[in-house]
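Peer 1: Here's the letter readout for the chains.
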Amino acid sequence: MAITRETFPLPDVSNPFLAPFFDGAAKGELLITRCRLCDVLVWYPEESCPTCSNDLEWVQVSGRATLFSWAVVRRPFLPAFEDMVPFVTALVALDEDPHVRLCSFIVDVDPEPLSIDSPVEVVFRPLQFATVPGQFVIVPMFKPAEM
Amino acid sequence: MTRSAWGHAVSLDDINGKVAIVGIGETEYTKVSGRSVTEIGAKAAERAIEDAGLQPTDIDGLAYSGAFPGFGVPEFHDHFGTSHDMWTTPWGGGMAWAGTVPYVAARAIANREASYILNVFGVAWASERAQMTGGPGEVHATQTAKQNLEVPFGWFPQPVYFATIMRRYMHEHSTSREEFGALAVTLREHANLTPGSVFHAKSLTMQQYLDAPMLADPLCLYDSCPISDGGGAFIVTSAERARDLKQAPVIVLGVGEGYSATGTNWSQQREFTKTPQIFSSPGAFAMAGLGPSDVDVLCCYDPFTVVSLMQIEDMRFCEPGEAGQLALQGHLRFDSGRLPYNTHGGLLSHAYVLGIAHCIELVKQLRGSASAQVEDCRVGVYGGYTGHMASTLVLGTDR
Ligand SMILES: [Zn+2]
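Just so you know, the sequences run in chain order A and B.
The first sequence runs 18 to 164 under the numbering used here.
The second sequence runs -5 to 393 under the numbering used here.
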């Protein structure tokens, strides 16, 4: 049951199921899966649409979202987070469909002035951990939207 | 089956009055103990069989946790030196399944597959975590979506999920930290009254709660349950046979089972500050022919303070957002006469043995032998909740 992948907790960009998400991020695009038939976003990615069983496709979304909720993590629950605490990890609700919530870091801001449902926007940054030296993955993170 | 956007209830046959709990056994509840799950299960089984006044050879059914196995039929025979045929099911143990296993047992008993079914659950996460394996987080980190779309972003493990749920809950209901604190303090007081609880000798004040370090703001140390070692067991048989046994039978009046459509992907659960107890509890109360106002004692699976508040609301003991006020006004205390709640101290202050001790506490309350005994206690309810699944078990004295 233990995770033996050496790059953990970096995401596994070679996982074919999720690779388009990370390939998109590397190009500065936020990609989410959508049902070809229902035309609704489906998140997390699944083998097929949970409503109609048709294929899903990856589509680009705007990267605009609202801050659904967040936690300020103060205790490092994994060794990789030890030199990162405190950090803000959040769920952001996409403007295209607020039922889709992305998990990510909120960056470029102190936690104090954050407020629930406030607008945020995507930025693409390298994610790296001291426990996985020399490696990084470009991922979507979010910052308060400029008014 | 009723479906809604974010979850559903399972429709169950009426088993009201058909089976009873006739024996209970508990191990010592500790922090790191070096005990294995198998040793814990064996000790709990031994004590439950003794409590019921039965012999190991009377036990012809064994329910265990398929998710966290460790004490099954081979281990049973190994421990007791027996070799008889036993019916067995992995749909037992603790967590939400502690609430549904009496239903599974009732079906097996009705089908004459078994007569006396022992449900066993043990956990040794304190000892396993000291060796850097096991623990509640590891199970989640192995799931593809979580491992790649949540963990790398620091949204891991459970204290972080529930800190995020807690913040949204506080926003929706204007809940104060004191409301969560009142719940934590009440459960600690119950544990202080209950010998054998891990925190029996350790008091907790509101000031200590408010001053405690944050694990993941807004969730502090005392919002989160500790990891422990320990376990328990109970024996289910037909109500008729129960009446000939040593202990006053505790009758199973109702069982409910509900699921969240998004499973343990809390991040995507449409109703973020609710639990599938919404789907589970109505069926259990309907089967029992009772409602929340008939309940004398309630025990819910409470890994975090907010999980208690949400379940109390989802079971309709109060309106959404009002459970914190129940705690603050003292209505959850064992002697309140209102809604005595987790009278042994719960996962938060008794022991993190994943719900099995909650069910055992209810049996004690209904026998009149609990430490923090509720007066004239006739109906007790267990709310099980493991993220993807909730269960509701309504128990009563023999009328
Ligand atoms: Zn579809």
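Derived by calculation from the structure, the hints in this document are not laboratory data.
In this text, all values refer to a predicted model and were calculated from it rather than measured experimentally.
Built from N, CA and C at the ideal position, the CB exists for glycine as well.
Keep in mind that a hint or two might mislead.
Sample of chain B residues lacking proximity to chain A, with all beta carbon distances greater than 12 Å (derived) [stated by the list, open to error]: (1) 52; (2) 136; (3) 151; (4) 242.
These stretches of chain A come out as covered by chain B in the derived footprint (C-beta under 8 Å, 3 or more residues) [said to hold, decoys possible]: (5) 32 to 41; (6) 51 to 57; (7) 60 to 68; (8) 77 to 91; (9) 94 to 101; (10) 106 to 115; (11) 122 to 136.
Peer 1: All the hints need checking, so say for each whether the structure fits it.
Peer 2: Hint-by-hint comparison with the structure:
1. Every CB of chain A is more than 12 Å from the CB of residue 52(B) (nearest about 36 Å), matching its label as outside the interface.
2. Listed as outside the interface, residue 136(B) is inconsistent with that label: its C-beta sits roughly 6 Å from the nearest C-beta of chain A, within the 12 Å cut-off.
3. A Cβ of chain A approaches the Cβ of residue 151(B) within 12 Å, the least distance being about 6 Å, so the stated non-interface status is violated.
4. The Cβ of residue 242(B) sits about 42 Å from the closest Cβ of chain A, beyond the 12 Å cut-off, so the non-interface label holds.
5. For the stretch 32 to 41 of chain A, the stated coverage by chain B holds: 4 residues have a C-beta nearer than 8 Å to a C-beta of that chain, and at least 3 were required.
6. Using a Cβ-Cβ cut-off of 8 Å, 0 residues of the stretch 51 to 57 of chain A lie near chain B, which falls short of the minimum of three, so the contact claim is violated.
7. With a cut-off of 8 Å between beta carbons, the stretch 60 to 68 of chain A has 3 residues touching chain B; three or more are needed, and the interface restraint holds.
8. Counting residues of the stretch 77 to 91 of chain A whose beta carbon lies closer than 8 Å to any beta carbon of chain B gives 7, which reaches the threshold of three, so the coverage claim holds.
9. Given as covered by chain B, the stretch 94 to 101 of chain A passes the check, having 4 residues with a CB less than 8 Å from a CB of that chain where 3 are the minimum.
10. For the stretch 106 to 115 of chain A, the stated coverage by chain B holds: 3 residues have a C-beta nearer than 8 Å to a C-beta of that chain, and at least 3 were required.
11. For the stretch 122 to 136 of chain A, the proposed coverage by chain B is satisfied: 3 residues have a C-beta within less than 8 Å of a C-beta in that chain, meeting the threshold of three.
The structure shown violates the earlier hints numbered 2, 3 and 6.
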